[in-house]
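Here the protein sequences come in this chain order: Z and C.
So the first sequence is numbered by the working numbering: it starts at 1 and just counts up by one.
So the second sequence is numbered by the working numbering: it starts at 1 and just counts up by one.
Careful: at least some of the hints might be erroneous.
[Claimed, not checked] Here chain Z is said to cover these stretches of chain C; the calculated rule only asks that three of the stretch's residues, wherever they fall, bring their Cβ under 8 angstroms from a Cβ of chain Z:
no.	segment
1	307-319
2	592-606
[Unchecked claim] One-sided and incomplete, this derived list gives chain Z residues near chain C with beta-carbon spacing under 7 angstroms:
no.	residue
3	Glu85
4	Gln87
5	Leu88
6	Met99
7	Thr605
8	Val760
9	Tyr775
10	Gly778
In case anyone wonders, no lab produced these hints; they're calculated from the structure.
For every residue, glycine included, the Cβ atom is placed at its ideal position computed from N, Cα and C.
There are 2 protein chains.
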Amino acid sequence: MANITKKVSWSSRTDESGTPGEGTPLLNGSERASHSRQIGRLSTVDLEEEITSDEDSQRGRLKEIPHNEKLLSLKYESLDYDNIENQLFLEEERRMSYMGFRCLEISRWVVCGLIGFLTGLIACFIDIAVEELAGIKYQVVKENIEKFTEVGGLSISLLLWAVLNSAIVMMGAIIVAFFEPIAAGSGIPQIKCYLNGIKIPRVVRLKTLVVKVCGVICSVVGGLAVGKEGPMIHSGAVVAAGVSQGRSTSLKRDFKIFEYFRRDTEKRDFVSAGAAAGVSAAFGAPVGGVLFSLEEGASFWNQMLTWRIFFASMISTFTLNFFLSVYHKNPGDLSNPGLINFGRFQSDSVAYNLYEIPLFIAMGAIGGLLGALFNILNYWLTIFRIRYVHRPCLQVMEAMLVAAVTATVSFTMIYFSNDCQPLGPEHSEEYPLQLFCADGEYNSMATAFFNTPERSVRSLFHNQPGSYNPLTLGLFTLTYFFLACWTYGLAVSAGVFIPSLLIGAAWGRLCGILLASIPSNGSIWADPGKYALIGAAAQLGGIVRMTLSLTVIMVEATGNVTYGLPIMLVLMTAKIVGDYFVEGLYDIHIKLQSVPFLHWDAPATSHWLTAREVMSSQVTCLNRIEKVGTIVDTLSNTSTNHNGFPVVVQVSGSDEPAKLCGLILRSQLIVLLKHKVFVELARSRLTHRKLQLKDFRDAYPRFPPIQSIHVSQDERECMMDLTEFMNATPYTVPQETSLPRVFKLFRALGLRHLVVVDDVNRVVGLVTRKDLARYHLGKHGLEELQLAQT
Amino acid sequence: MANITKKVSWSSRTDESGTPGEGTPLLNGSERASHSRQIGRLSTVDLEEEITSDEDSQRGRLKEIPHNEKLLSLKYESLDYDNIENQLFLEEERRMSYMGFRCLEISRWVVCGLIGFLTGLIACFIDIAVEELAGIKYQVVKENIEKFTEVGGLSISLLLWAVLNSAIVMMGAIIVAFFEPIAAGSGIPQIKCYLNGIKIPRVVRLKTLVVKVCGVICSVVGGLAVGKEGPMIHSGAVVAAGVSQGRSTSLKRDFKIFEYFRRDTEKRDFVSAGAAAGVSAAFGAPVGGVLFSLEEGASFWNQMLTWRIFFASMISTFTLNFFLSVYHKNPGDLSNPGLINFGRFQSDSVAYNLYEIPLFIAMGAIGGLLGALFNILNYWLTIFRIRYVHRPCLQVMEAMLVAAVTATVSFTMIYFSNDCQPLGPEHSEEYPLQLFCADGEYNSMATAFFNTPERSVRSLFHNQPGSYNPLTLGLFTLTYFFLACWTYGLAVSAGVFIPSLLIGAAWGRLCGILLASIPSNGSIWADPGKYALIGAAAQLGGIVRMTLSLTVIMVEATGNVTYGLPIMLVLMTAKIVGDYFVEGLYDIHIKLQSVPFLHWDAPATSHWLTAREVMSSQVTCLNRIEKVGTIVDTLSNTSTNHNGFPVVVQVSGSDEPAKLCGLILRSQLIVLLKHKVFVELARSRLTHRKLQLKDFRDAYPRFPPIQSIHVSQDERECMMDLTEFMNATPYTVPQETSLPRVFKLFRALGLRHLVVVDDVNRVVGLVTRKDLARYHLGKHGLEELQLAQT
């Protein structure tokens, strides 16, 4: 579609403010060329994450790199979910007793418990902070409005409201845009990618977490059309990645615990648990959290792992619930399982009837249509942003503009609305605005706009029939739809769940009211809250297109199992209708970043492709005993920045290509070079310490770049014996293997490199994630994406 | 442990009554030898399922085969969940357009919908039949008791009750023991094995379904301590296996639809959906059903598949709900989502407090202990049964004895109980027995015994505090515990879920009553129903040891999300405590059948084993162009009944072993021989029809035995070209691969054969399921099971 110039992305930062102790921008090592380099088949090319900071300063600010979503970026590395079974690893495992494995298992449980607890605490902190700050803000504005309603001059109130909002949002936008751009948005696409096996730089760092938490508080308090639920998932993932490693690189603290977990395989498992704990805290939906993690992440389902994930989720929602109950001065009353609480639906009053199911399905279709519209608008907007709004200061200004516009629109809507409702004795409104209504009445438009979005959703679900008139709801839907669409993608931390629910609840309730006005025997259509719920599900499903997990999340948030079937039908319809037009919102954003995302299956019509066509055939192989100079040169070669190298054994004195005997990673070679594990040195220094797994774990995950390792000219002549360190049994496939078969092997085992061999075990190629992600099913059958160095 | 003589098993029948159209007993081809043959490393030996019926009659009735649970049976075949990507398959896939794949996808949805619908209907049929028949029975007995309470001579009532029960149970036991022994029990272990990849003969046949449904109705109506829930899972699986194949071999009808689904891969997916639909109908727990299928079956999680499974589950519970609402003359009132309905817990009255959680955990520990006791007793009983109660007539007599004893014990308990409770205006009892109570009162022991177990569970959950006195509950727990333990394993179709729940609910309520008697400020311990629920969860968890899925099933059956955390904690405690003593009930029964079951992970301490040690090295290889005589001889060799054959290519004129070029299955060779696909014939007859995938699909899954295929002496000299039919790209591993790595590959991809090659791609061994299942973690570290031909 659009061919746009890309300057802002998840993995490059246009501004690096030189954090102490880090100082290394990411993934931009070879981006100095100011023109595009589209490399056809060199798909094993990965760039190392860290380069030295002096190179960074040479980087130009603006790089014009043609980019569109038909490209696949080469700058994203993969994670390695296949254990590197080299001799060191096997020796360690063999030394370990049965009790040792038991202890490991127990510490996994402890870590999951900790993850759940901390995630719950963070959710609790966000909730309380938003509650308190928003309370102050709305109180100030309300008093101001009440003052000026009497004396006239409400424009001053408007100004106050807009300025307050803008100022708060500005703070949130500044920390995100200037300090940690990866913390923008909900973080769900990034976590999806991480669990899929893609290394998104800095996505699970402590700094990201801090910025995310502060950012989301600012955006919600600032009155944007956003929710605080999506960011919880990201926060949970960061907590998990931090806790499970037993150290913080940012804080330079190593607690010397959980060292066994310092590898991609284990870390991914914990990040799944963290994401689940986040969902669980956000929606009070522990089962939904588990299903979310599995839907997005799992390639290989493991019973114990799932059970641990569930444990983390339960602890998380319980922690949140407990601390909120203490905060609400009602300790022990566990009635706040999540950040958003749909409130209790009385199952008697809102049981559905069989003949309502077609209505629900129709609403699902509407949700799918509106969701597709939302996504298309947001897609255009995102492209616009990538092209024109890429400087941090512009991003901050846009966020402030949106905040001001949101306040203005809200105010205008409230001002011109004359929908007054009597204030009941036990009104659920926190800040009822009387405005021009009679005494004892309140402005019903204000309940929707002059409130945190969570409260608005709850009002729409549960307020008595007649609390809103249809015009109010229609106008609200319309304005909020565009506001939410504009807001998503701003440089602020914010989720799209709650705005979607709110839009859906509004038009759903509208549907309910319209149905109730049909003359009939009365009672059956009476409850608009039910339709608000269905509408909310339809709208959310139409935008994010999640399936099973979303159904369960909605059911758990409702606290009522009765709605399972209608919600499932609605989500399914919304997904089918929406998918006809455009993908889900998260997938759009993933695609716009050109991330090599692997879906569940290979494209249906890809059986005619074989490994021979898919693989990259310019494979750099190393000998089992290799010259240090060769290794350094190979690693330093920026044009072919390979990350995995098949290790081969040359048949002595023959000319034919050597046979495969292992696979070694760049990161391992770097550690070997750093510790100077050379054959000659081992011989001369008898006391030379043998390299251990610990040395690799200490370097994980931020391996130094090759440039930072000094190798003298003498040392270049030494030899390195890779036998002990290479993975001696890499998975291989023959050249004739069909793409779906390669795909299945790759995906099921979470591989990073798959060696293609011929019939006598000689290396002929290497398949990596990008080789597989290149093929996707377009409108006209199988399409191949271009690889690009962007 | 026990070294027992085995005569009854899932896969051998001591009685074959010659069903028309089938007439082929199973897996006993080479069991004529009356002594044990323990074969050490020949683990690729599988026996074909079907042998000709004249061989069957030669089989002796009693075979004394030493057997214990440290053996691994060689008679179980594996299913092949890896697609056989031969040229025929690839050609078909390549011919198929994108629309073709869409149509396939749609038909998958249609099939899943049908599976859900039919499973729901079956559940409905069982429920109504049980309701009606049990109603008649209890009414007759009640009237009789009332008559004789006045005039004396209640022993006649006892006799009537016992005889009625025995007669009904006899019918159920006869059809199971004589017609379809595989229909005995709950069927859950068998479905677990099927989903794990083991071919349990006749487990998904129509006849099994019919016997199962009739059997379960008889056992429940016959008043045994059993439930109708477990069998629903098996029924759902049979429905799925039948519907998805578009034909019934038993009925000899082929609808010529869904032919694409006639292979293990697709069939397994549908059986997962069927099992989920069964759980869903049984407990009204669609999400629990999905999780059950995943926990037991999935090796590779696929989003679309999961969503389809969920769809089947939803349809199933909805169908049941709808038809039951029609039956209850309340169409449209969807309040019966499952066969067992825990009733509505009012969340206000039974919310739990923080300080109750330690109590819940303690109850979980009690559940774990009692569950372990139950399992150990049942284990001994099962061994006793295998040794002594193996003739069908003995089995029927045992079932009748249990029925009579159950009635007698129940009657005695009711008779000697003097726990009278006032009959409330809106009593939940269907058949209140007054017996010796005053007018307007009823015997409280009778509500527990004189009732279907489902109703008893509901009474224990919801009856007012004070409905039961502690002695009643204690006695009931004690007797029902032993009755249920004796009942499980009888030759009747019956589940263990409901008895477990009932035992747990009884002692749980007892705990609640005892706690309430502790002097305190009164109201907090007031509700014994809550403790009944926790007790039920603890007891069930202690017996079956399911985790995530059981939590969700319990939560969905309760209809209340609030109980998530306590139920999870209780189930976790029960599992930990129970696992310390003995495995779960289903696993015990699987182990006693010596099934080569693959768990999630390789044993923890197995890293020192490599493929070289694990593999079986006597591999029969075939040449790519092989003499028909050789193939026939290889297949007919009963001592090495291999099922998969690596295909090799000989380097011309050299002596060294040939290189691997493919893998072909016994079933494929059989079809080739049957259609006489010989090189010479193809040359002579130019019009010779090319063999198509359809021919293989038509033969699936009951491939004829090699003995039934006639090959003349001339034909033996012909050659067969396997190139087109073999899987040209089998997965391979080098000899040095560690066991966990082999295991992961095998399990993640659902393989049946994994070829082990050396560094120049020559076949050195073959790893099959039995080679991996042999190793398990015992009390003293890694143990190796013996392979046996039993």
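Now the hints, each set against the structure:
1. 307-319: holds (count 6)
2. 592-606: With 4 residues closer than 8 angstroms to chain Z, the segment 592-606 of chain C meets the three-residue bar; holds.
3. Glu85: Holds, because the Cβ-Cβ distance from glutamate 85 of chain Z to chain C comes to roughly 6 angstroms (cut-off 7 angstroms).
4. Gln87: violated (10 angstroms)
5. Leu88: violated (12 angstroms)
6. Met99: Since the shortest Cβ distance to chain C is 10 angstroms, the answer is violated.
7. Thr605: Threonine 605 of chain Z check passes; min Cβ-Cβ to chain C is 5 angstroms, inside 7 angstroms.
8. Val760: With a minimum Cβ separation of about 5 angstroms from chain C (threshold 7 angstroms), the hint on valine 760 of chain Z holds.
9. Tyr775: Hint violated; tyrosine 775 of chain Z Cβ to chain C Cβ min 13 angstroms, cut 7 angstroms.
10. Gly778: violated (10 angstroms)
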